[in-house]
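Q: One letter stands for each residue in the lines below.
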Amino acid sequence: MAETLRLEVVTPSRRVLESRASEVRVPGVLGELGVLPGHTPLLTSLGTGEVSWIDGDTTGRLVVQGGFAEIQPDTVTVLASIAETVDEIDVETARTTLAEAQEKLKTVDADDFDEVDNLVRLAEARISAAAGGGA
Amino acid sequence: MPNTRDLVRRIQSVKGTQQITKAMKMVAAAKLRRAQTAISEAKPWAETLSKVLANVAARTEFSHPLLEDHEGERTWVVVVSSDKGLCGSFNTNIVRAVEKDLLADRWPDVELAVVGKKASDYFRSRRWNLVVEDRETMSAPTAEAGPRLGKRFVEAFTSGEVDSVWLVYNSFVNMIRQDIIVDRLLPIEPPAVADEDQDDSQVDYLYEPDARALLAELLPRHVETQVQRAIFDSAAAEQASRMTSMDAATRNAGDMIDALTLLYNRTRQAAITKELIEIVSGAQALEG
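From first to last, the protein sequence lines are chains A and B. Number 107 in my numbering belongs to position 107 of the first sequence; there are no gaps in the numbering. In my numbering, each number is its position in the second sequence, counted from 1, plus 1000.
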């Protein structure tokens, strides 16, 4: 069994991350998944949230929304619709989007609810990731 | 003999054209680099997605509307061309290829979906009914084009509006070669598992939420990715084609300038010689 996992995060327009990791956390649609080396093969849809990983003494975080994660015993492949590193997050914009989206959430009809709800979640994930994560 | 002033004017005009073609070649080179970066950046996603899809396909007995053959013959052919001209035989090639297949009745009941102004103009002028017409994307292709068009095709396919969708585009091979690719987009043929991944294909995945729901998300994504790849590939091929044809045009202009300069010099010399002869013979006539 491999000692570490190979973690790869790609979006339709670029490869965001390729790294080794001893532990990875992934925001699945049904809740957060912790992945250690030797995990059984698993395929999940992604919700909105943080992908975080531990590699030796360093840790890292990414905000992702939508897409899939494929987990093999020695690799984790995250295919995200949106993926942002902590450096790329603009907290101010996220806060304004959050406020606007929350406002909209009160009046929106059922058809558009998911869309606006996604905006809220994404903004929340961005803010919490930028603030140091773990929320 | 043409007069020298006309020749000078013509030389100047050809020089002006040469400067334009040279600039266009340079712009095309820069755009080609950008198009190639776009391709290589989109590659990991496309490859991983088709790997995952292949793995799922090899492990599960699944069915999904996007995988099923329809009974009917109604076909959409998606033609990817360019918005701008001056790129050699790029658009002619693609239009010819499509027309050849159309005339050969490859698709008995066919309608066209065109991306790019050039193909759209061509088929419009031949009174084709264009089910999808995109005249903006190809000038500056972005990553949202694939999903936008892909969704449209998936919708048409699942609603039973169409029974199969084909994709025809120029693929960038190298600077002087673009190959025309004719691919079936829908129904989806699941990609085959790569040899290196074969050994672990015995183990089934755990699926969250479940295989059906995942497949329902994966397959439309796969279609969108295919369309996106065709658009990026075609954009790179277009710039390569433009670059080579503008390079040829610049060289032709150079040849023309050389020929005209030679003619100009000859004309000038002939005029001088004629004048000299006139003077000399005039002097001789006085002496005699």
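Treat the hints as calculated values from the structure; they're not laboratory data. Incorrect hints may have been included.
Calculated cross-link-like contacts (lysine to aspartate or glutamate; reagent style DMTMM-like; alpha-carbon spacing at most 20 Å) [said to hold, decoys possible]:
1) A:Lys104 - A:Glu115
2) B:Lys1100 - B:Asp1183
3) B:Lys1051 - B:Asp1204
4) B:Lys1051 - A:Asp74
5) B:Lys1151 - A:Asp112
6) B:Lys1100 - B:Glu1071
7) B:Lys1151 - B:Glu1136
8) B:Lys1151 - A:Glu8
9) B:Lys1051 - A:Glu8
10) B:Lys1043 - A:Glu115
11) B:Lys1015 - B:Asp1210
12) B:Lys1051 - B:Asp1210
13) B:Lys1025 - B:Glu1275
14) B:Lys1151 - A:Glu124
15) B:Lys1151 - A:Asp111
16) B:Lys1051 - A:Glu18
17) A:Lys106 - A:Glu88
18) B:Lys1043 - A:Glu8
19) B:Lys1084 - B:Glu1136
Q: Does Asp1204 of chain B sit within 20 Å of Lys1051 of chain B, going by the straight-line distance between their CA atoms?
A: Holds, because 15 Å separates the two Cα atoms, which is no more than 20 Å.
Q: Does the alpha-carbon distance linking Lys104 of chain A and Glu115 of chain A stay inside the 20 Å limit?
A: Roughly 11 Å between the alpha carbons, so the hint for Lys104 of chain A and Glu115 of chain A holds.
Q: Is the Cα-Cα distance between Lys1151 of chain B and Asp111 of chain A 20 Å or less?
A: holds (18 Å)
Q: Take the C-alpha atoms of Lys1084 of chain B and Glu1136 of chain B, compute the straight-line distance between them, and say whether it is at most 20 Å.
A: holds (10 Å)
Q: Taking 20 Å as the top limit, are the C-alpha atoms of Lys1151 of chain B and Glu8 of chain A close enough?
A: Not satisfied, since the Cα-Cα distance of roughly 27 Å exceeds 20 Å.
Q: Between the alpha carbons of Lys1015 of chain B and Asp1210 of chain B, is the straight-line distance 20 Å or under?
A: Violated: Lys1015 of chain B and Asp1210 of chain B sit about 67 Å apart, past 20 Å.
Q: So if I understand the rule, the pair passes when the alpha-carbon distance is 20 Å or less; does Lys1043 of chain B with Glu115 of chain A pass?
A: Roughly 28 Å separates the two Cα atoms, so the pair is violated.
Q: Regarding the pair Lys1151 of chain B and Glu124 of chain A, is the alpha-carbon distance no greater than 20 Å?
A: Violated, because 28 Å separates the two Cα atoms, which is more than 20 Å.
Q: For Lys1025 of chain B and Glu1275 of chain B, compute the direct alpha-carbon distance and say whether it is at most 20 Å.
A: The given pair, whose Cα atoms are some 45 Å apart, is violated under the 20 Å limit.
Q: Measure nothing beyond the straight line between the CA atoms of Lys1051 of chain B and Glu8 of chain A; if it is 20 Å or shorter, mark the hint as holding.
A: holds (14 Å)
Q: Holds or violated: are the alpha carbons of Lys106 of chain A and Glu88 of chain A at most 20 Å from each other?
A: violated (29 Å)
Q: Is Lys1100 of chain B close enough to Glu1071 of chain B, meaning Cα to Cα at most 20 Å?
A: Answer violated: Lys1100 of chain B to Glu1071 of chain B is near 25 Å, above 20 Å.
This entry does not satisfy hints 6, 8, 10, 11, 13, 14 and 17, going by the numbered hints stated previously.
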